Each structure stands twice: as C-alpha cells, then as structure tokens.
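Number of protein chains: 2
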Amino acid sequence: MVRYKVTLAYDGTQFAGFQLQLKQRTVQGVIEKAIKTIAKSPTRLVVNGSGRTDAGVHAYGQVVHFDFPFMMPATAMLKALNSLLPLDVVVKDCQIATADFHARYDTTGKRYVYRVSRGYYTNPFRRFYTGHWKYALDVSKMEAAIGDYIGTHDFSSFAASGGSIQNKVRTIFAASVSEDPHNGELVFEFYGDGFLYNMVRIMVGVVLEIGNGRRPLHDILRLYEVKDRTQARYTAPASGLYLKKVYYGDGPADQ
Amino acid sequence: MVRYKVTLAYDGTQFAGFQLQLKQRTVQGVIEKAIKTIAKSPTRLVVNGSGRTDAGVHAYGQVVHFDFPFMMPATAMLKALNSLLPLDVVVKDCQIATADFHARYDTTGKRYVYRVSRGYYTNPFRRFYTGHWKYALDVSKMEAAIGDYIGTHDFSSFAASGGSIQNKVRTIFAASVSEDPHNGELVFEFYGDGFLYNMVRIMVGVVLEIGNGRRPLHDILRLYEVKDRTQARYTAPASGLYLKKVYYGDGPADQ
Chain A
1 MVRYKVTLAY DGTQFAGFQL QLKQRTVQGV IEKAIKTIAK SPTRLVVNGS
51 GRTDAGVHAY GQVVHFDFPF MMPATAMLKA LNSLLPLDVV VKDCQIATAD
101 FHARYDTTGK RYVYRVSRGY YTNPFRRFYT GHWKYALDVS KMEAAIGDYI
151 GTHDFSSFAA SGGSIQNKVR TIFAASVSED PHNGELVFEF YGDGFLYNMV
201 RIMVGVVLEI GNGRRPLHDI LRLYEVKDRT QARYTAPASG LYLKKVYYGD
251 GPADQ
Chain B
1 MVRYKVTLAY DGTQFAGFQL QLKQRTVQGV IEKAIKTIAK SPTRLVVNGS
51 GRTDAGVHAY GQVVHFDFPF MMPATAMLKA LNSLLPLDVV VKDCQIATAD
101 FHARYDTTGK RYVYRVSRGY YTNPFRRFYT GHWKYALDVS KMEAAIGDYI
151 GTHDFSSFAA SGGSIQNKVR TIFAASVSED PHNGELVFEF YGDGFLYNMV
201 RIMVGVVLEI GNGRRPLHDI LRLYEVKDRT QARYTAPASG LYLKKVYYGD
251 GPADQ
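Sequence lines, in order, name chains A and B. The opening residue of the first sequence carries number 1 in the numbering used here; numbering runs sequentially from there. The opening residue of the second sequence carries number 1 in the numbering used here; numbering runs sequentially from there.
Any given hint could be a false lead.
Capping the alpha-carbon separation at 25 Å, the derived lysine to any residue pairs in SDA-like fashion look like this [what the hints assert, rightly or not]: (1) B:K134 with A:Y60; (2) B:K79 with A:E185; (3) B:K79 with A:P237; (4) A:K227 with A:G249; (5) A:K33 with B:K79.
Just so you know, the hints here were simulated from the structure itself, not pulled from any lab data. This structure is a prediction, so every number in the text was calculated from the model and none was measured.
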C-alpha cells in the first residue's frame, strides 16, 4: 500500500459535513468513492481527515491521507481525483507520504477563517459563504478584545456540549479580525494548536457581542474563569467558517 | 390600484429562471407569492419584469413593477417583501411609480456583467457565480477586440435561435473587459439599449475565443456581416451572467 497526503478545498454547502454518514452526502464519502473507482477496488478504501468539519463548513486546505493499493505518481493521482470528484471539492495538492504519516494525529496546528457579512439584509450571493450580523459593531473594540484569545487557556466556556474530549486547554498562536477592503466583510482568523467542537464559531460569537456592546471589552477573560458553556450563548453559523490550513510541524509555532 | 417599481438582487442558482413556470421555482413566482400574501389577495397579482433571465443567471438590479390593491408606503412594502422573500432574493429599492410606468416597455438600456474564473480546475466556491475558462488568454487582445461591439450593429450572429424578435439591430454604448484585482477573475461589462436571447453569453464566448487565438482579432466585424448564429458557436454558461442595472431614461446614453 502507498500512503497519499492530499490537500482539499471544498464548498461545504451541499455536504452533510466531512465525516462519512450512511445515506448522506459527505466529503469523506465522495473522496472514498473516487479512490475506490481509481483503484478499481472491490472493498472500501478508508480516507482519514485532519478532523471533521460540520455541515455547511468550508475548507480551503483540509488535509486527508489514505492508503492506496498500488503506486501512482502524485500528479497522476491529483488529476485522477479531480476528474472524478464533484465540482464542490477540488484537490489542490497531492503528495506521497511516509507510511507513518497520519492526517489527524500528526497535526501541530490549524488555521481557521470566519467571514461575517453586514448590512440589514443578507446578501443573496453570500448567504452560504458568510455569517451575517445586522447590528452595530465597533471594530476597534473587537480588535482589542480578540487579543485575549492569544495564549494558552482553558476553553471550556467555548466548547459545545457533545465533545468527548476532557482536556479543554488549547493554545492560540494568532487571532485577528479585520475588514475585507473588497466587500466590507469582517474576516476573523484563528491559528492554534487545536480547536474544540464549535470553538471557532463560539469565539466569533463572543467577539461580535463585545463589538456590539452586549459584553464588556474583556469578557473573554471572565469566560476562561467561569468554565461554563452557557455563558457564551451565541454560536455563529456554519456558513461563515473555513478550515484554511492544517499544519504538520511546518507552522510558525513549530520553528 | 397602486403601482410599485421594485429593484431586486437575486442569486439565480436555485431558480428555473425569472419567468413564472408551472411547478418550477422562479423569481417571478416567489415575488408574486409574497405580494399576494401581503395583500391577502385571493387572486394572483401579476409581477412584470424588465425582461427574463435564464435559469442560473443572477441579478444585482433587476426591475419589476406590479399593481397592488391598496396604498402602502414604499419603505413598508420593501420591509414586508424582504421579510417574506427567500434568502436568495432581496429587494434593494422600492418606489411608488406612476400608473403608466412599465418595467419592460419603458427600459432605455441594460447593463450586464459577466464573470469568468480561470485556472485549470473550477474553484468550488465560484462554480455557480462565474463561467470558467482554463485555456490561455491574451487579455490585451481581448481588450482590443471588445471595442468592436460598441456602436449600432446587426447582432443576428449573436442571437440564440428561439427568440421571436425579428429586428436584430442593437446599440452597445459600452463594452469592456478587465481583471478583478481581488481574485483574478475576468469581468466583462456590457451596456446597451437591448440584448437578444443569449446575446451577452455569446458575445463573451467570442471574445474568449479571440483571447485564446482561435479567432482573429477583428472576427466580430466578420460576424456582423455573415449574420449566422452557427459561426459563434460557444455560449458562455449562465452561471457567470449578472443583470447589473436596468435604465429608464436615466442612463448616460439618455442624457
């Protein structure tokens, strides 16, 4: 078997998330189907992702690995996959990996982007590609507040219930918010060693509420203390979230 | 009855075009349904568009008019419509019009945009919002060629069969192509007194073929002479086309 490491972009709108599910269209499902076809394999070939993304969540750079029954040049594999995959998934990079590479266990960090469109009404063209916030926002206040995420903290208040992970301590290397000069959308960016279930969407929700004045400027510090998910009520919608990059010892934090 | 003039933006992806069709989701259909609800009318209230758009074609500024059984302030009508319309249509402007205003017959011009994404593979996020061209293009050649559209010409070679209009002479006031610095997409823009069926998509196809060297630089002039639709083979896909603005005696050409 030959192990391949593949970097994907996908539009999550028409997927029931990344992870394989019976009778649902998932990213893992369409990739497993494509590699099974390429291999002419009678049995399932398993695809391992760096992590799940929820229904409606997008990716610029999701990473997966799989073992393939025979040797194919990486460029041939990339072309074969792109010729078989539906138009909402594209393989951006394909490499032959060492047999011990693991897309999930070897991650050293992830980078997420969250986009928020503003204005009173939703922009029809952005409804699947942004979250939407129609209330007032003080962007300089948000810029000041978001720095409170940087560092190593207990993110219990920022994890949706349902996750099975006990240790809620994570390190955020970078967190920023800025306005896209092209279309005025707010662009949040988070780079950390790992993220809990729904964590980015809750982090964005808290910063939006600070920007609107519903929370005090440094409420994030209080949320670290209380370790209570019910205090961070608003989870920004899946449509604005993008998994931008997965790191494997190649990030700035790894130097 | 009170006549309203309404300007709409819509994402055409999930519509079977503008025009009402039995058992199909159309822009006209969802607007007629909304105004019927607002009026609590037992009978159909007819919406008249400036013209049809095909399935998958978008609009930033489609204009419609309709007669409403009682007087409502224009801002109240705008809010009522936006609260009832699905998220892929938004009312951008609403005005009370004179009783003789007609969204279709009173047009003095229309402006269309056509967006083309490049790169070997389709960008998953742009598949419904651009046409796609993966071959080489000489943009300066296209800029030179597109000027041949400006002026009054017989566009018989640029009209899809199926149209019932006999007079194929139209005047193009402006035609341009440029690269969007934000994402590298090619942005075509056409402003004219009227457009035949599929005319913009055929015009774009011809310019792309000139840019690729498949046609000589001034092939547009030859196409005016031959008056033969089969000579302009390629119709760019609906997904890249946007009706940007409809003019009613208020365009630069009307000054």
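*Could you check the structure against the hints above and give me the numbers of any it violates, in ascending order?*
4 and 5
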